[in-house]
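Please put together the full structure from these sequences, using the hints given.
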Amino acid sequence: MLIVIVPMFVALPLVLWRYRRGGKGTYRPDWEFNWGLELLIWGVPVALVVALGTALWRQTILGDPYRALGPDPLVVEVVSLDWKFLFLYPEQGVATLDLLALPEDRPVTLKLTSGTVMQSFIIPRLAGQIYAMAGMQTQLNLIADEAGDFVGRNTQYNGLGFATQSFTTRVLSPDDFERWVETTKAQGTALDAAGYAGLLPPSVVSEPVLYGQFTPGLFDQVMAGFAPGMFHRGTNHTDMSERHGAAGMAAAPAPHQGHDHTPEAAQ
Amino acid sequence: MNWELIFGQIKWTSFVFAGMIENPSLSEAIASGAGSIAVLGALATVVLLTVKGWWVPLWRDWLTSIDHKKVGIMYIAIALVMFARAVIEAALMRAQQLSATDSGGFLSADHFGQLFSTHGTIMIFFVAMPFITGLMNYVMPLQIGARDVSFPLLNAISLMLTMAGAILIMVSLVVGQFSTGGWSAYPPFTGIEFSPGEGVDYWIWAVSLGSIGSTLTGLNFAVTIYKKRCPGMTLFRMPLFTWTTLCTSILMIFAMAPLTAATAMLALDRYAGFHFFTNGDGGNMMNYANLFWLFGHPEVYILILPAFGVWSEVVATFSSKRIYGYTSLVYATMCIAVLSFAVWLHHFFTMGQSANVNAMFGIATMVIGVPTGVKVYDWLLTMVGGRIRFTTPMLFHINFLLTFILGGMTGVLLANPGIDFQVHNTLFLVAHFHNMIIPGVLFGMFAAVQFWFPKMFGFRLHEGLGRASFWCFAPGFLLAFFPLYWLGLMGATRRTYMWTDPDYLPWLALAMAGAALILAGFALMVAQIVVSVRQRAQLAAPLGDPWDGRALEWSIPSPPPEWNFAVLPQVTARDAFYEAKKAGTAYRSPAAYADIEVPRNTATAPLIGLFACAWAFGLVWHIWWLVVVSFVLIWAVVIARSFQTDTEETVPAATVKAANEAFLAAARATPGVSREREMTSDNRGRALPEGLEGRAGPASPGAAVEVLP
Amino acid sequence: MSLSERLHPGLNLAGTDPESHVAAEEVLFGFWIFLMSDLVLFAVLFATYAAMSVQGIAEGPGPAQVFDLTAAFLETLLLLLSSFAFGFAMLEMKYRESRRGVLAWLLVTGVLGAAFVGMELHDYYVMITQHAAPPQASGFLSAYYLLTGTHALHVSSGLVWMAIMAIQVTVIGLNTPVKLRLMRLALFWHMLDVVWIGIFTFVYLFGVAS
Numbered sequence: 117m118l119i120v121i122v123p124m125f126v127a128l129p130l131v132l133w134r135y136r137r138g139g140k141g142t143y144r145p146d147w148e149f150n151w152g153l154e155l156l157i158w159g160v161p162v163a164l165v166v167a168l169g170t171a172l173w174r175q176t177i178l179g180d181p182y183r184a185l186g187p188d189p190l191v192v193e194v195v196s197l198d199w200k201f202l203f204l205y206p207e208q209g210v211a212t213l214d215l216l217a218l219p220e221d222r223p224v225t226l227k228l229t230s231g232t233v234m235q236s237f238i239i240p241r242l243a244g245q246i247y248a249m250a251g252m253q254t255q256l257n258l259i260a261d262e263a264g265d266f267v268g269r270n271t272q273y274n275g276l277g278f279a280t281q282s283f284t285t286r287v288l289s290p291d292d293f294e295r296w297v298e299t300t301k302a303q304g305t306a307l308d309a310a311g312y313a314g315l316l317p318p319s320v321v322s323e324p325v326l327y328g329q330f331t332p333g334l335f336d337q338v339m340a341g342f343a344p345g346m347f348h349r350g351t352n353h354t355d356m357s358e359r360h361g362a363a364g365m366a367a368a369p370a371p372h373q374g375h376d377h378t379p380e381a382a383q
Numbered sequence: 071m072n073w074e075l076i077f078g079q080i081k082w083t084s085f086v087f088a089g090m091i092e093n094p095s096l097s098e099a100i101a102s103g104a105g106s107i108a109v110l111g112a113l114a115t116v117v118l119l120t121v122k123g124w125w126v127p128l129w130r131d132w133l134t135s136i137d138h139k140k141v142g143i144m145y146i147a148i149a150l151v152m153f154a155r156a157v158i159e160a161a162l163m164r165a166q167q168l169s170a171t172d173s174g175g176f177l178s179a180d181h182f183g184q185l186f187s188t189h190g191t192i193m194i195f196f197v198a199m200p201f202i203t204g205l206m207n208y209v210m211p212l213q214i215g216a217r218d219v220s221f222p223l224l225n226a227i228s229l230m231l232t233m234a235g236a237i238l239i240m241v242s243l244v245v246g247q248f249s250t251g252g253w254s255a256y257p258p259f260t261g262i263e264f265s266p267g268e269g270v271d272y273w274i275w276a277v278s279l280g281s282i283g284s285t286l287t288g289l290n291f292a293v294t295i296y297k298k299r300c301p302g303m304t305l306f307r308m309p310l311f312t313w314t315t316l317c318t319s320i321l322m323i324f325a326m327a328p329l330t331a332a333t334a335m336l337a338l339d340r341y342a343g344f345h346f347f348t349n350g351d352g353g354n355m356m357n358y359a360n361l362f363w364l365f366g367h368p369e370v371y372i373l374i375l376p377a378f379g380v381w382s383e384v385v386a387t388f389s390s391k392r393i394y395g396y397t398s399l400v401y402a403t404m405c406i407a408v409l410s411f412a413v414w415l416h417h418f419f420t421m422g423q424s425a426n427v428n429a430m431f432g433i434a435t436m437v438i439g440v441p442t443g444v445k446v447y448d449w450l451l452t453m454v455g456g457r458i459r460f461t462t463p464m465l466f467h468i469n470f471l472l473t474f475i476l477g478g479m480t481g482v483l484l485a486n487p488g489i490d491f492q493v494h495n496t497l498f499l500v501a502h503f504h505n506m507i508i509p510g511v512l513f514g515m516f517a518a519v520q521f522w523f524p525k526m527f528g529f530r531l532h533e534g535l536g537r538a539s540f541w542c543f544a545p546g547f548l549l550a551f552f553p554l555y556w557l558g559l560m561g562a563t564r565r566t567y568m569w570t571d572p573d574y575l576p577w578l579a580l581a582m583a584g585a586a587l588i589l590a591g592f593a594l595m596v597a598q599i600v601v602s603v604r605q606r607a608q609l610a611a612p613l614g615d616p617w618d619g620r621a622l623e624w625s626i627p628s629p630p631p632e633w634n635f636a637v638l639p640q641v642t643a644r645d646a647f648y649e650a651k652k653a654g655t656a657y658r659s660p661a662a663y664a665d666i667e668v669p670r671n672t673a674t675a676p677l678i679g680l681f682a683c684a685w686a687f688g689l690v691w692h693i694w695w696l697v698v699v700s701f702v703l704i705w706a707v708v709i710a711r712s713f714q715t716d717t718e719e720t721v722p723a724a725t726v727k728a729a730n731e732a733f734l735a736a737a738r739a740t741p742g743v744s745r746e747r748e749m750t751s752d753n754r755g756r757a758l759p760e761g762l763e764g765r766a767g768p769a770s771p772g773a774a775v776e777v778l779p
Numbered sequence: 059m060s061l062s063e064r065l066h067p068g069l070n071l072a073g074t075d076p077e078s079h080v081a082a083e084e085v086l087f088g089f090w091i092f093l094m095s096d097l098v099l100f101a102v103l104f105a106t107y108a109a110m111s112v113q114g115i116a117e118g119p120g121p122a123q124v125f126d127l128t129a130a131f132l133e134t135l136l137l138l139l140s141s142f143a144f145g146f147a148m149l150e151m152k153y154r155e156s157r158r159g160v161l162a163w164l165l166v167t168g169v170l171g172a173a174f175v176g177m178e179l180h181d182y183y184v185m186i187t188q189h190a191a192p193p194q195a196s197g198f199l200s201a202y203y204l205l206t207g208t209h210a211l212h213v214s215s216g217l218v219w220m221a222i223m224a225i226q227v228t229v230i231g232l233n234t235p236v237k238l239r240l241m242r243l244a245l246f247w248h249m250l251d252v253v254w255i256g257i258f259t260f261v262y263l264f265g266v267a268s
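Protein chains in written order, with this note's numbering: chain A, 117 to 383; chain B, 71 to 779; chain C, 59 to 268.
Errors might be hidden in some of the hints.
[Said to hold, decoys possible] One side only, chain B facing chain C, incomplete, derived with CB under 7 Å:
#, residue
1, 343
2, 344
3, 353
4, 672
[Unchecked claim] Anything over 10 Å on all C-beta distances counts as not near chain A; from chain B, calculated:
#, residue
5, 223
6, 258
7, 443
8, 468
9, 528
10, 535
11, 561
12, 696
13, 717
Source of the hints: derived by calculation from the structure; they are not laboratory data. Glycine is no exception: its CB is placed at the ideal position from the N, C-alpha and C atoms.
This is the structure we're talking about:
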């Protein structure tokens with residue numbers, strides 16, 4: 117890209133100096149065209165766009181957030197709320213609020229929906245953004261290759277608590293992750309439909325909340341709450357590509373993704 | 071007594087001052103202060119108009135006028151007033167973010183939300199749009215040798231609808247709250263469930279009024295350019311500003327409808343319980359995103375294309391040279407206009423569509439970079455072989471070339487979905503679009519004001535103060551926005567009223583300093599106008615051609631008479647006036663004069679604007695009687711107008727002749743001024759063309775202009 | 059300057075009224091462009107309907123359950139006939155310059171148009187009362203009412219316009235401005251036909267077939 121930019125920064129001062137009023141440049145008031153220059157100023161950007169465009173296509177396919185990054189991914193269901201995130205671990209049967217614990221080096225598939233307005237979910241150090249929208253499901257695949265705490269947040273303005281809507285992503289070694297799951301299970305609090313309803317009023321969570329268990333299928337219920345008719349129709353649409361097709365029709369009212377990826381099925 | 075029937079949902083607590091009384095805080099004090107400024111400003115205007123006895127002239131010469139020149143100037147006046155508000159809001163937001171690192175800052179989160187929403191809405195719909203529309207209004211008919219636009223009354227109605235929208239936004243400073251949904255007002259957040267109250271309704275109706283006004287403007291200008299060009303003015307002889315006006319008009323015709331549809335649907339959701347964009351019941355906000363950006367992306371080009379036109383005029387005039395690659399520039403403009411409809415999805419790469427769709431739109435976005443790059447180099451090559459004068463507009467142009475190309479580079483980066491996933495919704499994006507719009511559109515308009523001001527008012531602007539304001543604006547912009555790129559990469563999200571990361575602080579401080587410089591630049595610009603008005607005798611250039619201009623608008627007096635051209639010009643080449651000067655045929659008397667029909671002034675447009683404003687206000691506050699009454703009145707005015715038959719008056723040929731011959735005689739008698747003396751009081755608007763100084767004796771009065779049958 | 063017989067698409071006044079013919083060029087061209095931007099609006103509403111009628115049904119009834127094809131067909135006939143009648147009004151204006159002829163055909167057009175709007179309102183009434191299908195029921199119905207409602211609003215404002223033109227023809231007579239207004243109203247009215255054909259096909263026929 118510098119091919120386009122540098123010539124301007126070099127040539128402009130030279131031209132300004134040479135052709136300033138009183139400068140040395142020859143005054144040619146009627147000069148208005150030159151085929152060689154014309155080919156150059158159209159040709160170079162066209163060639164550049166062809167090159168960059170090809171690269172862009174490849175990168176975009178490779179960097180598709182829906183592309184699975186390996187076998188046996190850890191599935192985490194994410195529900196964005198005002199002004200916090202609920203994380204459900206169907207495989208482990210635990211849930212958290214504003215804490216995303218992940219094992220190191222294992223592919224992760226995040227399935228996102230919203231219990232409220234549209235939000236944009238990002239963990240800058242681990243993955244890019246994807247919107248979470250009510251009644252619909254989007255997906256984000258990532259692998260964390262380094263243990264540690266990373267900040268994740270919502271970037272789409274959603275009201276007064278927006279500025280503070282962030283959460284910790286804690287990447288743990290596989291053993292630590294197992295231990296974390298066990299400790300969390302031992303916490304004993306359970307998240308059911310009523311508990312979920314209690315999370316709906318807007319609030320900011322200062323400390324992460326851990327749930328030892330949650331009602332299975334909660335994620336589907338959250339989506340179904342917004343698109344009940346959709347949820348029963350077309351139960352066979354399990355192919356990802358079919359759902360994430362047309363422009364702006366992200367995972368168009370996603371039919372029961374969860375059912376195909378029960379912990380048993382995923383193992 | 072049911073007060074709600076009369077006042078709708080307005081209560082005494084709706085007034086901004088009530089917040090200060092009930093819940094005093096700095097944030098409320100600032101809101102009340104802004105409300106007071108709006109009220110006091112309006113009062114001061116009323117007092118001034120009364121004391122000076124200007125009510126009648128204001129009504130008779132301006133508000134009821136449907137002359138495209140006056141309409142254009144009124145548009146620009148709206149833009150400057152609204153700019154003052156929105157730029158102060160920007161500085162407030164920066165100050166808040168800077169002060170909020172270890173405390174909450176001085177603004178409440180809600181107040182901050184309103185600020186970024188009004189800032190964006192105003193800057194796009196009530197600064198940039200009226201600015202470009204006003205300029206196109208003023209300049210385009212003069213450039214094509216026309217006496218007015220095709221539909222002058224419609225033009226005035228567009229203006230008054232835009233003004234109604236602007237007034238509505240100003241009213242929201244005093245009565246009630248504004249939306250916190252940003253300028254793009256994404257549902258479901260802006261739906262009634264999550265944003266009850268009047269805020270979003272203010273946004274909906276202000277934007278709708280502006281949008282309808284712009285649709286009508288686009289239609290009007292496109293017809294004008296197709297049908298009202300003077301004899302000999304083929305499409306490929308049109309000045310480039312007119313070309314960009316044409317492309318922008320076409321974009322307006324196509325792009326405003328999706329916005330009108332989107333705001334109408336959002337309104338139906340909010341007022342009548344429809345389910346277009348709601349959560350659940352079959353609503354889907356993704357449709358809003360598509361509709362909004364189907365308007366929103368062409369809108370970017372609606373704004374930038376006229377600025378491109380300005381740059382083309384400026385660079386050719388101040389290089390005293392033909393534009394390089396005219397045809398190339400025309401085709402590049404058309405490419406941009408067409409491609410602008412093929413890229414809207416890049417505003418939401420993150421919505422979960424397939425990688426193929428994202429890649430497609432990413433590449434389309436990059437492709438727009440090609441014609442834009444071509445234009446930038448065409449301007450550079452225009453300077454080659456010229457004699458460049460570093461006037462204020464030219465300084466803005468040089469600054470534009472350097473900064474715009476950097477903004478273009480970040481645009482190509484953002485076109486890559488992989489990068490967009492990281493920086494979407496961060497300050498990187500904010501920096502990018504400000505980088506395109508400020509040096510491109512806003513500075514383009516400032517340059518245009520410096521350039522065409524002598525045409526509009528008959529005297530030049532003070533050059534020294536103009537340069538001073540440039541030297542505040544240009545570095546101010548760099549300081550205010552380049553740190554934002556970095557902050558965005560560090561993860562700072564947009565629309566955020568506070569951060570806790572101390573690493574942001576130095577960058578925020580730099581940005582704040584930049585904002586302060588921009589404010590200083592604006593203050594200097596206002597000072598420049600005030601000083602120039604005071605010194606108008608020294609700065610006068612009534613003979614119309616202070617810059618050795620090239621297109622037809624420079625061939626007539628400044629300010630031009632109501633009828634623009636005493637006799638419609640006959641054009642045989644591009645840069646028609648420059649060629650006439652070169653051939654020694656400029657300022658010749660026409661063989662004969664004819665009567666000219668000009669439209670009479672009418673109260674139609676201001677009445678429609680007034681009732682439209684009342685209608686929108688009624689809708690915002692659910693004052694249904696007002697909605698019904700004002701709606702009926704709007705159409706009553708339209709119908710009444712259709713029964714009027716006596717809508718034009720005739721200027722007799724003798725009057726035209728007397729005025730025009732006086733001008734021509736003065737022009738011929740005045741010795742031309744060379745470019746060295748351009749900025750001195752010698753410059754009365756009669757130019758000695760660059761390079762032809764030796765040949766320019768007094769022009770001969772022989773007839774060269776053909777009279778049309 | 060030699061004048062083309064046809065300065066703009068549609069009915070031209072060359073031959074019968076050269077003065078109005080020249081005046082028509084700019085005005086009619088402008089109105090064609092207005093119609094184009096109006097059609098962009100309808101295109102957007104169609105696109106919205108296309109998405110919502112599939113994905114926005116939610117718990118509400120689907121297209122096949124609420125549409126009455128017979129009524130829609132009759133409405134189509136009424137609107138097309140009204141356009142046909144307007145054609146006669148324009149021919150009266152062009153060749154006979156007959157106020158009474160124009161007024162009579164405008165009356166026929168207006169009655170047919172009003173009948174169309176009346177039938178459509180009746181459709182709405184039936185949908186709301188018998189099928190529990192008000193616009194608030196689902197995204198699909200919101201889009202349906204917006205699309206057909208925008209069309210109905212256009213037809214209604216066309217009727218108001220027509221009434222005013224009837225007054226102008228009576229009071230002012232067939233002078234150039236009145237003729238040009240009638241020509242624009244005619245274009246407007248025919249465009250609404252085209253839009254309705256689209257609605258009948260894509261909303262009603264497709265909806266009942268699906």
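Hint check:
1. 343: With Cβ-Cβ at 4 Å, under 7 Å, it holds.
2. 344: 4 Å, holds
3. 353: With Cβ-Cβ at 5 Å, under 7 Å, it holds.
4. 672: Status violated, d = 15 Å.
5. 223: Residue 223 of chain B clear of chain A: closest Cβ-Cβ about 40 Å, beyond 10 Å.
6. 258: Violated, since 5 Å does not exceed 10 Å.
7. 443: 4 Å, violated
8. 468: Given a closest Cβ separation of 7 Å, the condition is violated.
9. 528: 26 Å, holds
10. 535: Label holds. Min Cβ-Cβ 22 Å, cutoff 10 Å.
11. 561: 5 Å, violated
12. 696: At roughly 31 Å from the nearest Cβ of chain A, residue 696 of chain B sits farther out than 10 Å, so the non-interface label holds.
13. 717: Fine: 44 Å to the nearest Cβ keeps residue 717 of chain B off the interface.
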